[in-house]
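Protein chains: 2
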Amino acid sequence: MTQNSRLHARLHEPQLDRRLLLQGAAASVLIFRPGAAFAQSGDYEAIRSAAQAGKEASIKRIQDWIARPTIAAENRDIELGCNYMMGLAKEAGFQHVERIPTDGAPGVFATLDVGAPRWMGVYFMYDVKQYDPSEWSSPPLEGRLVDKPGFGKVIVGRGAVNQKGPEATFLAALHAIRAAGKKPPVNLALVCEGEEEIGSPHFRQIVQHPHVLPALKKCLGIIIPAGWQNPNGSVQINLGAKGIIEVQLISSGERWGRGPTHDIHSSQKAHVDSPAWRLVEALQTLVSPDGNTPAIEGWFENVRPLTAREKELIAQTAAPTSEAEAKAAFGVKHWINDEPWETSLERLVSQPTVNIEGLVSGYTGPGGKTILPARAEAKLDFRLVPNMTAEEALSKLKAHLKKKGFGDIEAIMSGGYDPTSTPENSRVIRAQQAVYDRAGVVNTLFPRSPGSWPGCVFTSAPLSLPAGQFGLGHGSGAHAPDEYYVIDSTNPKVAGLIDATMGYVDYLYEVATIS
Amino acid sequence: MTQNSRLHARLHEPQLDRRLLLQGAAASVLIFRPGAAFAQSGDYEAIRSAAQAGKEASIKRIQDWIARPTIAAENRDIELGCNYMMGLAKEAGFQHVERIPTDGAPGVFATLDVGAPRWMGVYFMYDVKQYDPSEWSSPPLEGRLVDKPGFGKVIVGRGAVNQKGPEATFLAALHAIRAAGKKPPVNLALVCEGEEEIGSPHFRQIVQHPHVLPALKKCLGIIIPAGWQNPNGSVQINLGAKGIIEVQLISSGERWGRGPTHDIHSSQKAHVDSPAWRLVEALQTLVSPDGNTPAIEGWFENVRPLTAREKELIAQTAAPTSEAEAKAAFGVKHWINDEPWETSLERLVSQPTVNIEGLVSGYTGPGGKTILPARAEAKLDFRLVPNMTAEEALSKLKAHLKKKGFGDIEAIMSGGYDPTSTPENSRVIRAQQAVYDRAGVVNTLFPRSPGSWPGCVFTSAPLSLPAGQFGLGHGSGAHAPDEYYVIDSTNPKVAGLIDATMGYVDYLYEVATIS
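Line order of the protein sequences matches chains C and Y. Per this note's numbering, the first sequence starts with residue 53, numbered consecutively. Per this note's numbering, the second sequence starts with residue 53, numbered consecutively.
Next up, chain C with everything else stripped away, as it sits in the complex (with noise of 0.2 Å):
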């Protein structure tokens, strides 16, 4: 999932306490409080206890989950990763666990029925983004244990972070209250995917089907594990996420009857038409001689501007966060038109895009070979913000190219959704600033990430509940090499996995009772 929010929680990474780390606490001296339900529930020390001796047990389902990638865009393990994911969620005391068929990868859905006047809904990806091992410095699914300076014991893995060990985490705090002899708080639907990673193209299939949409339209709200704490402890609240289409852009002598059907020699070229500059031309037509503004016809029509609040949101979190910081992640100099921190910050939130994610065409080994190439193909993402909708999005480039004279480039969308938001007072919200204050750890409020997530499955009709992203903890790298998630932290604001189980056991308690 979006590693993209992740990322952007990256613009606040901020001075580590130097002289908290110097003092080196092996384990973690985070200070978890109870929240006033949960304490008074009496199950806090049982639970607490309980998580701890099932420790190497948690430790251990990261690591073979992380050992059993399922990788939706090589196609890889489909079938392996949802019958793992099953058994996941029955060892977790998922009572009713079921394979939901779709057009693409199967979805699981599970409840756990306890009585409870309430239910909350949970969303988990079982797949991961692709990998490369010899980028790694070890290998990507064996999950080793490592010690990461400034965090701890790590795990590093492909999916450490992005999603199954804060998945996991959550599975650990179930498998806590079981083992305490307690019952969770709440009733819970689990509803899981095997493509967040291409983008979730038949997420809505498995949301809509008989018999899911019951029962999450009984839940107060939907979250998804995460461990986003930045290593000042601090978290970011997003209230929804940007939209996205993934569009591949092909242009091929078959489709267009002009160049040729197969690479020939270069020297070709001086009369035969080359697809590879067509593609050029027309992407060129796609945005402002910058790169940095689409200029699809009619794109901005239903962007809505920033409202006064998501400024005052913006300005909130501009204020605290080291730009300096933010621009050493990602290596940049200067933002857009050299805008000033908060003002790139509005940009990062409110204006919609069309990125590069690729270009392939031809000869891509190293120095040059003298072909013409027959196709050539970018591979583009568009960031969509309210009011866009993907479907709108997809229909505009159509006709954009279409009308521009380039009608025969295909344009295969593999993946997107519309954006997302959820108010600031729903539940799911509020518990989290809740359980995030009584843990020390500083929350603040973020219109929207930049990022995206299938989250508008549940924000919009037929279900239209609030939905978040919800965690203690820590891990980086989602996408790269070297993706970790912390285990032992010895960063006294970042929580390690105890901690962070317990945090998903009180935010239960609080969903429960929160008014």
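Think of the hints as simulated: they come from the structure by calculation, not from any bench. Take these hints with a grain of salt, some might be off.
30 Å max Cα-Cα, derived DSS-like pairs, lysine-lysine [unchecked claim]:
1) C:Lys450 x Y:Lys385
2) Y:Lys205 x Y:Lys379
3) C:Lys379 x Y:Lys454
4) Y:Lys454 x C:Lys385
5) Y:Lys107 x Y:Lys205
6) Y:Lys142 x Y:Lys270
7) C:Lys454 x Y:Lys456
8) C:Lys455 x Y:Lys448
9) Y:Lys456 x C:Lys379
Note that the structure is a prediction, hence the values are computed from the model and not measured.
Fit chain Y to the given chain C structure using the hints.
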């Protein structure tokens, strides 16, 4: 070498004579007739018998060479290839064989001085193009003998026709002359390089070496052995070739000072500049909107229009050639601007080009991946016509980018050379016509190959020698999978290995005596 010319040769692919094919002669029925000088020498029968006796050794020589690829683009087996080339020259009877160091791959220089009045120059390349074994029907280094319908027994392997097969056939001619107890009718100077496939960046160093230049100056001209008979037996004699520069254009956040210095999450596009978009914008300034005419400032300044004689030669080539078959070979439905065949050939000969060989940026696997790449590269080749030069082209390209505001985009020239021309009345050309005519091979003059070879190193100062390709025989698939070279021809109009060998012998006799 110039598969370019070979590909062009495919333009002339004819209807095979089905009746003759149906007669299905197992061996070639091409009747090779020696020239007057050769016939008078009394050497013909003995040399042909020796060539026949050495056939198995000649086949093995091609296969063993194919098994040892030198690939300059991958810096693969350069020294091995150079040493092997030296061994081949020694075994063929060259008395002096010398390694010529350069700033890149070493060259080989060899002489066979029999005290004849005339010297002839021969150019070899010992490197081959990259290959992907998964695309081949037999292992590319095996040199497997297979039956190819319409052609007979062929060797399949990387380098089979480009250029090891024809070069080894030339060596077979020297072996046959020696085995027959004879001496070549001319002295030979052999000059070899191992970087032809990357644009011969150091070939001038080899030719201008103090041991090499004086020997080449004694030569009446230079040939590279080739196997470019069309399936109908005809041969096109190119009176030169276009020049080329191969340039990789690289846009990066590092050099630009904007955008990221490493790939970052694509959600950041909203406030971070994109090196990939910058490359697209720079590229589209290089050509007209249809991608067909260079738009670089001053590009046509030194372009010499076609002469009346060149137009005449093009018309002579166009008339008997099947446009439909040329289009089929390239998978092309329309030439540029829907021009008719002869106009399109004039364009092929006369126009400089800017071609995209490849595009590579960010994520290039299946589907998409939400990143904003820090780097984007376009692999371009620019074909040059008289009187453009490679140096002029590179400097105009760089000046253009700078003037358009893209001075940060790196332009790395990986190889290239000037156009080359050889007069049609030179002995190198007239001797070819004489040999082809006697062998019943229809031969046409063509003003210039649309492809490129480093002939300019010979045809320009200080050597200023005629230079060209020569050879009977046939092969195809240079730079492509299943490259092949005919050994036993079942096509009555195409020479097999023995006739091609005798063609080189006859050519040497011809240049020894031609007025």
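Outcome of the hint check:
no.	hint	in the structure
1	C:Lys450 x Y:Lys385	holds, 25 Å
2	Y:Lys205 x Y:Lys379	holds, 27 Å
3	C:Lys379 x Y:Lys454	holds, 27 Å
4	Y:Lys454 x C:Lys385	holds, 22 Å
5	Y:Lys107 x Y:Lys205	holds, 13 Å
6	Y:Lys142 x Y:Lys270	holds, 21 Å
7	C:Lys454 x Y:Lys456	holds, 29 Å
8	C:Lys455 x Y:Lys448	violated, 35 Å
9	Y:Lys456 x C:Lys379	holds, 28 Å
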